[in-house]
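*Asks:* Below are the chains, spelled out letter by letter.
Number of protein chains: 4
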Amino acid sequence: MMTIMSSQFQPVLDRIMAEIDRTPGRGRSADYIPALAARDPRRFGMAVAELDGTVYGVGEWRQPFSTQSITKVFTLALDLAREGDELWEHVGREPSGNPFNSLVQLEYENGIPRNPFINAGALVVTDRLHTRTGDAAGELLSFLRAESGNPDLGFDEEVAASETAHGDRNAALAHFMASYGNIDNEVPVLLDQYFRQCSIAASCADLALATGFLARHGIRADGGRLLSRSQAKQVNAVMLTCGTYDAAGDFAYRVGLPGKSGVGGGIIAVVPGRCTLCVWSPGLDERGNSVAGVAALDRFTTLTGLSVF
Amino acid sequence: MMTIMSSQFQPVLDRIMAEIDRTPGRGRSADYIPALAARDPRRFGMAVAELDGTVYGVGEWRQPFSTQSITKVFTLALDLAREGDELWEHVGREPSGNPFNSLVQLEYENGIPRNPFINAGALVVTDRLHTRTGDAAGELLSFLRAESGNPDLGFDEEVAASETAHGDRNAALAHFMASYGNIDNEVPVLLDQYFRQCSIAASCADLALATGFLARHGIRADGGRLLSRSQAKQVNAVMLTCGTYDAAGDFAYRVGLPGKSGVGGGIIAVVPGRCTLCVWSPGLDERGNSVAGVAALDRFTTLTGLSVF
Amino acid sequence: MMTIMSSQFQPVLDRIMAEIDRTPGRGRSADYIPALAARDPRRFGMAVAELDGTVYGVGEWRQPFSTQSITKVFTLALDLAREGDELWEHVGREPSGNPFNSLVQLEYENGIPRNPFINAGALVVTDRLHTRTGDAAGELLSFLRAESGNPDLGFDEEVAASETAHGDRNAALAHFMASYGNIDNEVPVLLDQYFRQCSIAASCADLALATGFLARHGIRADGGRLLSRSQAKQVNAVMLTCGTYDAAGDFAYRVGLPGKSGVGGGIIAVVPGRCTLCVWSPGLDERGNSVAGVAALDRFTTLTGLSVF
Amino acid sequence: MMTIMSSQFQPVLDRIMAEIDRTPGRGRSADYIPALAARDPRRFGMAVAELDGTVYGVGEWRQPFSTQSITKVFTLALDLAREGDELWEHVGREPSGNPFNSLVQLEYENGIPRNPFINAGALVVTDRLHTRTGDAAGELLSFLRAESGNPDLGFDEEVAASETAHGDRNAALAHFMASYGNIDNEVPVLLDQYFRQCSIAASCADLALATGFLARHGIRADGGRLLSRSQAKQVNAVMLTCGTYDAAGDFAYRVGLPGKSGVGGGIIAVVPGRCTLCVWSPGLDERGNSVAGVAALDRFTTLTGLSVF
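Protein chains in written order, with the working numbering: chain A, 1 to 309; chain B, 310 to 618; chain C, 619 to 927; chain D, 928 to 1236.
It should be emphasised that the hints constitute simulated quantities derived from the structure, not laboratory data. A couple of the hints might just be wrong.
[Said to hold, decoys possible] Beyond 12 Å from chain A on every Cβ pair, some chain C residues (computed):
(1) E637
(2) D639
(3) D649
(4) Q681
(5) R700
(6) D703
(7) E725
(8) T751
(9) S760
(10) G767
(11) A819
(12) R838
(13) G841
(14) S848
(15) G891
(16) R905
[Said to hold, decoys possible] Chain B side only, calculated, beta carbon under 7 Å to chain D, not exhaustive:
(17) E359
(18) V413
(19) A480
(20) A481
(21) H484
(22) F485
(23) A487
(24) S488
[Unchecked claim] Have a look at the derived ranges for each label pair, beta carbon to beta carbon:
(25) T1058/D <-> D632/C: 42 to 48 Å
(26) P1115/D <-> D493/B: 29 to 35 Å
(27) R371/B <-> M5/A: 28 to 34 Å
(28) R660/C <-> G181/A: 28 to 34 Å
(29) R660/C <-> E987/D: 57 to 63 Å
(30) T751/C <-> H166/A: 25 to 31 Å
(31) G490/B <-> E987/D: 32 to 38 Å
(32) G1108/D <-> T442/B: 31 to 37 Å
Quick caveat: nothing in here was measured; it's all calculated off a predicted structure. Ideal Cβ positions, reconstructed from N, Cα and C, are used throughout, including at glycine.
Use the sequences and the hints to build the structure in full.
*Replies:* Here it is as structure tokens:
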């Protein structure tokens, strides 16, 4: 691994921003959630957080956006911290090899989702966290506020309502897994918890900071331990193999970092032991990942040599 | 990443060997290839090679075994070195989410295999390398001999004949892809090339050395460059996400290194910039990976902290 | 086709009953609906109704049982009578080639179920009939009462409640199709309608009479027309190719009549232009069809020559 | 069933011909077999054969065309006559619910094809007939010559060669089933037998006559018995449920007769106890059935009332 000085992060971000601005073709914003459909695909922000909480940023790095599936990482960590390996009896950790909301593999595997980052898997994790805390979404929000140091983070009620109104696919997944006995809570309760988590709005700075515990081998911003060293490594491994829908292989190939994307256009990424990143741009490719976001991370690892490979 | 001194490799290997010897339940040796079926699942060897070619070993680390699918890594590198990114128009780089010889996904994706490490993908890579060299298996053997410094490496004719006799599944895959225009050579010619590659016998020491170029960012044992720095990173990424059949997620979760297994019981693994490993034990789990091999690599990364995460 | 005198129906039924009573191995009663699980698989009844309403019977041919999926035939006919061919834009008429509640094919075909007799297809038909009548279940009950001449037919509330409590799989199907825009009513409303239809209790005599319109080329018991001659033929065709879950080919091969089974153990069958049959025995084979029921129909067609082939 | 006088067959055929000639849109001829691609989709012929061998015809009813999959019916009957029910341990009799050359279901069902009329199933039947006779294709040709009374029937070497050259899909199917132990002969030998059968050229008159045994409950043209009454009924049942690729339900719905189509544009159909039909027109719909052929049979059953339903 090349050595990069922290003082170099800002020039690298500036250079990426300049190159991205000249890139045509930014994909399209998500249209299945009406509240997200109007976002301009040319918007862009990026932040890097060091282990000590120092943050560098460029573009709209302080602009809140809809986190969507990015929150699946935090829900996974919060539940894993509570129940440990028992979770893995209810959700797998293998790539799905299918579009992100497929029911096919779920049927062939008797209601056990392939991993915690496809929608079915995230529903299971939320269900279990909710059983253990009585308020999965609240637990998540508290965690994100604490790690980012931003008490203003909150649910976006417009987005949550919009998802609920278009939530038949997720309702189908939840009922289907319930038919196999893999859901504990009532389906409407679970869906409410799930959609509220997805609706949280946060900025690149917020999310880069909140992801810090994965670069610090499980240690939270306040020095307390959320995950064991081994568990932190495991969450990173699941992100690398399953974090970007059906493009995990391509993401590993191009970027080479554990990462998790959301259809709001955000992507978080981890350089274990070194730093965390978050990039945002609402234009998506056909697999649901931010076009400019992946390009920016690709450029970052090329310029800095900070890949895990 | 913790710091580990090279002088610590031998004690770590000795400790792993001692622990493995006390482990009951070693799985079963592969039985679909008669020539492999008789291997004792309790046999074990392991080697670590440093970047400069220094090798440490334990158990039967100098005992040749059947490399099988491990050779897919080298064939991929050899073809990628020749044709570059054009290869990726003929084979994907996403995890398959299905058992290793499935035809299902191949049909849904019009004859383009998901990645170079499922059998279908390896057939495509072999086909293309054979078109470019006129002797894919010979090219591979020369490479392995040169990198391992072992001129005695050779094909195991008994194993190759055994695979040919039981090769209907691979013949089906090859004809199926040919029906989509994704195979250039005659199917019997291709199968002969493919089975000969799989039949190569090599030891843990040989394979740890031969894998060195992936830890040296593309540089061969003699200092020449096989792959660009970026290509070496990419091969490592494909290994991490697709290298252990339908257990890539589990392997990343437990071991956290790019790796590739074979049904002969061997597994190679890469610590980029640091060292390469090869472990062998013929007892397989239900997904085709060596039980003791995965356990030994898991233990190695735990003891040394040498994971990519 | 051989000629059989009506006076021969009773002796044929008596003979079948005698043979069936000596048959060991009757399968198991459905256990996914608790209210059905306790039924004794050795019970047996059978009725034949001529076109003029004369009924012959044997065993427990006047014993009400849970009609379950048999009602799908009547709901199909009632909706087809109202909306005609437009229905076929929302549900197919091809065999499914998969177990009866599979989600797989539904996903590959964008929310259009393969035929009206798999659960997904029946949900669509019920949904459409409910939109047109405001009370699909009530419409069905009225029809069955009128055709059977039995005003005591009614819903079995215990069975309906039991299905609702275990209805996650059907809820998943309904939400899934709703996500494709192929369901008009609210899912809970639809499920209530659907489960009430399935819960109707009726006897072999009732159902043989109610099926009469399909042997009379669309003419109801009172002489009025429900379906055109062509539509009646079409419903028979769908029954023959899709009426017995994943055993339609086997049923056609052995019995050779349009038929429809239910997990309550009943089966109706049609000899166009001649008579209708209903048989009941709660022991099911692994595909959900009554073991003694299929055997009795097989015997009936062999003894009388009354197959369509 | 309405009564129709034999003297009415000719006027019905004439009327159908007149209507068909005014129908625009005839689909496209098969293009995956080059030798078939050039056929004019507007060509049309149709024949009806009575039980006694009297034949009525219209259009090009004496013009030989490529029988293709139609021969699967005769191969099935010839093998069933020899080995009886044992055949059904090697091939199923359920509709496939998938396009005609799908490998998916074959994999899920361990190398047992769904029915004898998908390519995989026909390969198994041919394989078994070849084992029993030493010359499956010759056996078939002899049978067709005898039943049609036409000694000039023969293989079309151009078509057979063309299929062999484009036969990778069938080679894949055969090797795949061989990997499950469900093929006895060497794959190249089997494919040669299979393609020769498909290449037989025959006219509507020839095929209507050759199909006669299925309307005569198993009796051949010379009065000898090929199949038992029960077996003849069973072959008709398999034709009705599986005879027209993924359109069997639609064919039953529209035509209501046991039938079998081929990509050469021919379709045979059976009115048990009454007559047999063959229609030919090379323009195919997207599921591989003759557009004008299905329309003509639909019209025939509507005009005569000769449906099984």
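*Asks:* Measuring from the C-beta of H484/B to each C-beta in chain D, is the shortest one below 7 Å?
*Replies:* holds (4 Å)
*Asks:* Do the Cβ positions of T1058/D and D632/C conform to the proposed distance bound of 42 to 48 Å?
*Replies:* holds (45 Å)
*Asks:* That 57 to 63 Å hint for R660/C and E987/D (C-beta), does it hold up?
*Replies:* Hint holds: Cβ distance 60 Å, inside 57 to 63 Å.
*Asks:* Far enough from chain A: is every CB of that chain over 12 Å from the CB of Q681/C?
*Replies:* Holds: least Cβ distance 31 Å, greater than 12 Å.
*Asks:* Just to be careful: measuring from the Cβ of F485/B to every Cβ in chain D, is the smallest value less than 7 Å?
*Replies:* Because about 4 Å separates F485/B from the closest Cβ in chain D, which is inside the 7 Å limit, the hint holds.
*Asks:* Could you let me know if the closest chain A CB is still more than 12 Å away from the CB of R700/C?
*Replies:* holds (26 Å)
*Asks:* At 12 Å, judged by beta carbons, does D649/C keep clear of chain A as stated?
*Replies:* holds (14 Å)
*Asks:* With 12 Å as the threshold, tell me whether G841/C passes as away from chain A on beta-carbon distances.
*Replies:* holds (44 Å)
*Asks:* Kindly confirm whether 25 to 31 Å is satisfied by the beta carbon distance between T751/C and H166/A.
*Replies:* Between T751/C and H166/A, where Cβ atoms are some 28 Å apart, the hint holds.
*Asks:* So, E359/B near chain D? Judge it on the closest CB pair being under 7 Å.
*Replies:* Result: violated, 43 Å to nearest chain D Cβ.
*Asks:* Take a quick look at A819/C and tell me if its Cβ sits farther than 12 Å from every Cβ on chain A, holds or violated.
*Replies:* holds (25 Å)
*Asks:* For the hint on A487/B, just tell me whether its beta-carbon gets within less than 7 Å of chain D.
*Replies:* Holds - the Cβ of A487/B comes within 7 Å of chain D, reaching about 4 Å at its closest.
The structure is inconsistent with the numbered hints 7, 17, 26, 27, although it conforms to all the rest.
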